[in-house]
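**Q** Okay, here's what each chain looks like letter by letter:
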Amino acid sequence: MLNYKILNIKNKKAQVGETLTWTVATIAIFIILVLFVFAVSTLSNKKDVVFGIGNYITDKGSILAEQQVFFAILNKDGGKIKQLVEQGNLEGAQTEINKIFAEFEQQGLKCKLNKATLKIKNQEIGLECETV
Amino acid sequence: MINLKNKKAGERVLGFYWMIVFLIITVGIVSAAVLFYGNPLDVRGIESRILSDKIIECIADKGSLNETAVNLLNADGINLQEVCGLNFADNYYDENQFYAEIIIENGKNIVFNKEHSGAFKDFCEQKSRKLPICHKEILFLLKGNDFQKVSILTSIDKTEQNAKL
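Same order as they appear, the protein sequences are chains H and D.
End of the first sequence sits at 132 in my numbering; the numbers just go up one at a time, nothing left out.
End of the second sequence sits at 165 in my numbering; the numbers just go up one at a time, nothing left out.
Looking at chain H on its own, in the form it has when it is part of the complex (with noise of 0.2 angstroms):
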């Protein structure tokens, strides 16, 4: 009889540590939930497809427009600037475009020469902007 008492003892004690270990699984998971749901419900409020400052959804310019500007850009003067990016003299080509760029970021639109969109005879030329 003793020796059923002690095993008795022995497996109420297992069964203690099991059961507190999944209370405080339970605990652990249900503050993990809540933490999920509160993340979730915050990024739900957010939820559009261009995330911007202000109700403006955003500054940078569209694709559309920065290919009108860079077209006026090698037009401008008889297409002088397109001349020299044909003639291979980017040089001298961006300095005649940071000219220009100059005088737009006066007007509110910054831009810069960084991406090639266009080519022209092996040249990959283009440029992005942006309000200011």
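Treat the hints with care, since some could be wrong.
[Said to hold, decoys possible] Have a look at the derived ranges for each label pair, beta carbon to beta carbon:
1) D:Q126 with H:T95: 40 to 46 angstroms
2) D:I46 with H:V34: 29 to 35 angstroms
3) D:G144 with H:V132: 25 to 31 angstroms
4) H:G78 with D:E57: 23 to 29 angstroms
5) H:E86 with D:V34: 57 to 63 angstroms
[To be verified] Here are the computed lysine-lysine pairs in the DSS-like style, where the Cα-Cα straight-line distance is at most 27 angstroms:
6) H:K47 with D:K136
7) D:K149 with H:K76
8) H:K46 with D:K121
9) H:K112 with D:K108
10) H:K76 with D:K143
11) H:K76 with D:K54
12) H:K110 with D:K143
13) H:K46 with D:K136
14) D:K164 with H:K46
15) H:K80 with D:K143
16) H:K112 with D:K62
17) H:K80 with D:K62
Since the hints were made in silico from the structure, they are not lab data.
Fair warning: this is a prediction, and the values are worked out from it, not measured in the lab.
All C-beta atoms, glycine included, are put in the ideal place defined by N, C-alpha and C.
Fit chain D to the known structure of chain H by using the hints.
**A** Leaving out everything else, chain D in the frame of chain H:
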């Protein structure tokens, strides 16, 4: 025999916890899914950009100002929809949900200003999803050999369809 009985009891106790854990996980996942998919996806930002692009296509031609379109827009009684082939009608709303403004400047002088109806412009500076979403585009186009600054402001209201009120 005693051991076996104790094991059974242990499983029953654990079974109760398992039920609670499953219930918590189910409630958590379902409520997260309902919360996320219950909120509408706001596409007004993209919509305003598309509208802006359509206007650019209309008034710009290979870097030059499309003077035919601009002259037509200047004429009385002709609106943006007719000149640029846009449709501002919306099946969901009776009131107009679109706003568009085109300003063309030569230096500091405004040489052209055309507005499509709607008074959303004032809301653009405010930050709220319950207000119209705006997009401003600035570009420079050639008129002759001079650059003309073209500012296009587009705004879409459609708040009920795109934002949880």
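**Q** Evaluate each hint against the coordinates.
**A** Quick rundown of the hints versus the structure:
1. For the pair Q126 of chain D and T95 of chain H, the supplied restraint of 40 to 46 angstroms holds, since their beta-carbon distance comes to about 42 angstroms.
2. In this structure, I46 of chain D and V34 of chain H meet the distance hint of 29 to 35 angstroms, their C-beta atoms being roughly 33 angstroms apart.
3. Judged by the Cβ atoms, the range 25 to 31 angstroms given for G144 of chain D and V132 of chain H holds: they are separated by roughly 26 angstroms.
4. Between G78 of chain H and E57 of chain D the beta carbon distance is about 25 angstroms. The supplied range of 23 to 29 angstroms therefore holds.
5. Taking the beta carbon of each, E86 of chain H and V34 of chain D are about 60 angstroms apart, inside 57 to 63 angstroms as hinted.
6. For the hint linking K47 of chain H to K136 of chain D, the alpha-carbon distance of about 21 angstroms falls within 27 angstroms, and the restraint holds.
7. Pair hint K149 of chain D plus K76 of chain H holds up; C-alpha atoms about 14 angstroms apart against a cutoff of 27 angstroms.
8. Taking the CA atoms of K46 of chain H and K121 of chain D, the gap is near 22 angstroms; set against the 27 angstroms cutoff, the hint holds.
9. For the given pair, K112 of chain H sits about 23 angstroms from K108 of chain D by alpha-carbon distance, which is consistent with the 27 angstroms threshold.
10. Proximity of K76 of chain H to K143 of chain D is assessed by CA-CA distance (about 10 angstroms); at most 27 angstroms being required, the pair is judged to hold.
11. With a C-alpha separation of about 24 angstroms, the suggested pairing of K76 of chain H with K54 of chain D holds against the 27 angstroms cut-off.
12. For a cut-off of 27 angstroms, the pair hint linking K110 of chain H to K143 of chain D stands: about 21 angstroms separates their Cα positions.
13. About 21 angstroms separates the Cα atoms of K46 of chain H and K136 of chain D, which keeps this hinted pair within 27 angstroms; it holds.
14. Using a Cα cut-off of 27 angstroms, the hinted pair K164 of chain D and K46 of chain H holds, with the two alpha carbons roughly 11 angstroms apart.
15. Among the hinted pairs, K80 of chain H with K143 of chain D is consistent with the structure: their alpha-carbon atoms are about 16 angstroms apart, no more than 27 angstroms.
16. Simply put, K112 of chain H and K62 of chain D have alpha-carbon atoms about 20 angstroms apart, close enough for the 27 angstroms limit, and the pair holds.
17. A C-alpha spacing of about 16 angstroms is found between K80 of chain H and K62 of chain D, which places the hinted pair at or below 27 angstroms, so the restraint holds.
Violated hints are absent here; each numbered hint is respected by the structure.
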